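Positions in the sequence shown are counted from 1; adding 1 to them yields this note's numbering.
A hint or two may mislead.
[To be verified] Pairwise CB distance ranges, derived in the manner of DEER restraints:
1. Pro98 to Pro77: 21 to 27 Å
2. Gly179 to His19: 39 to 45 Å
3. His189 to Leu125: 38 to 44 Å
4. Pro77 to Leu109: 29 to 35 Å
5. His151 to Ile105: 44 to 50 Å
6. Met41 to Ala111: 19 to 25 Å
Bear in mind the hints are in silico, worked out from the structure with no lab data behind them. Since we're looking at a predicted model, the values are computed, not measured. Beta carbons: idealized from backbone N, C-alpha and C, even for Gly.
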Amino acid sequence: MPDTELLLVRHGRSAHVHTGWIDVDGVRRWMAAYDAAEIMPDHAPPAELEALVCEASLIIASDLPRTVASAVRLAPGREIVRTPLLREAPMETAERPLPGLGGIRLPLRAWGMVWGTRWLASWLRNASPPGIGPAELDRAEHAADFLIAHAQDSGGRVVAVTHHTFRVVLARELARRGWRGPEERPYHEWSAWRYVPSPIAVVPEPT
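With these hints in hand, go ahead and build the complete structure from the sequences.
Now the structure itself:
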């Protein structure tokens with residue numbers, strides 16, 4: 002049985018594939034289709050990750066199809082705890098919508114660069130990035146407490162299958178609670194970040 006730890010895993014590659022140029026409304030339609038899709042059946046997780054998940058005491062996943070499918074792929078036959086707490090952060094909020102760019106159509110990759118530039122600029126200003134409003138920050142706090150409580154109850158490894166952006170926000174909340182993570186954090190699909198409690202880790206209040 003591994004020591005108490007949290008393994009934050011990004012889901013496998015989405016089965017939704019988009020080609021062509023789209024405007025901002027097309028990006029929103031793409032987001033809806035992306036959230037409805039599972040993962041590519043031929044995009045297998047690395048054997049090292051499967052071995053880590055095999056030894057897990059508990060497996061928790063965001064309740065979106067691509068994360069549930071990823072958890073099932075990693076641990077076939079195991080019970081999967083599903084929670085909306087681990088859902089991806091949106092690309093936009095009502096306070097900070099995606100830029101319309103005057104109706105310009107761009108490849109999806111270019112829209113990703115637009116979003117990434119806005120994220121980096123906000124991060125450098127120590128401001129909330131796009132898609133990370135008060136609701137998402139509050140959800141990350143609850144998710145961190147939820148995962149820590151399960152890790153402490155299980156006394157072993159808890160695997161949390163989540164998403165690209167929300168994992169960043171969640172990791173920051175774990176660090177604020179005294180949990181130590183990796184110095185280098187890969188972002189590709191099936192990547193995993195290991196967090197362990199430090200001697201001064203904050204214990205969440207019982208609910």
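To see whether the hints hold, each was checked on the structure:
1. Pro98 to Pro77: 21 to 27 Å: Because 40 Å falls outside the window, the suggested range is violated.
2. Gly179 to His19: 39 to 45 Å: Check passed, 41 Å falls within 39 to 45 Å.
3. His189 to Leu125: 38 to 44 Å: For His189 and Leu125 the Cβ distance comes to about 23 Å; the hint is violated.
4. Pro77 to Leu109: 29 to 35 Å: holds (31 Å)
5. His151 to Ile105: 44 to 50 Å: holds (45 Å)
6. Met41 to Ala111: 19 to 25 Å: holds (23 Å)
Violated hints, listed in ascending order, are 1 and 3; each of the other numbered hints is respected by the structure.
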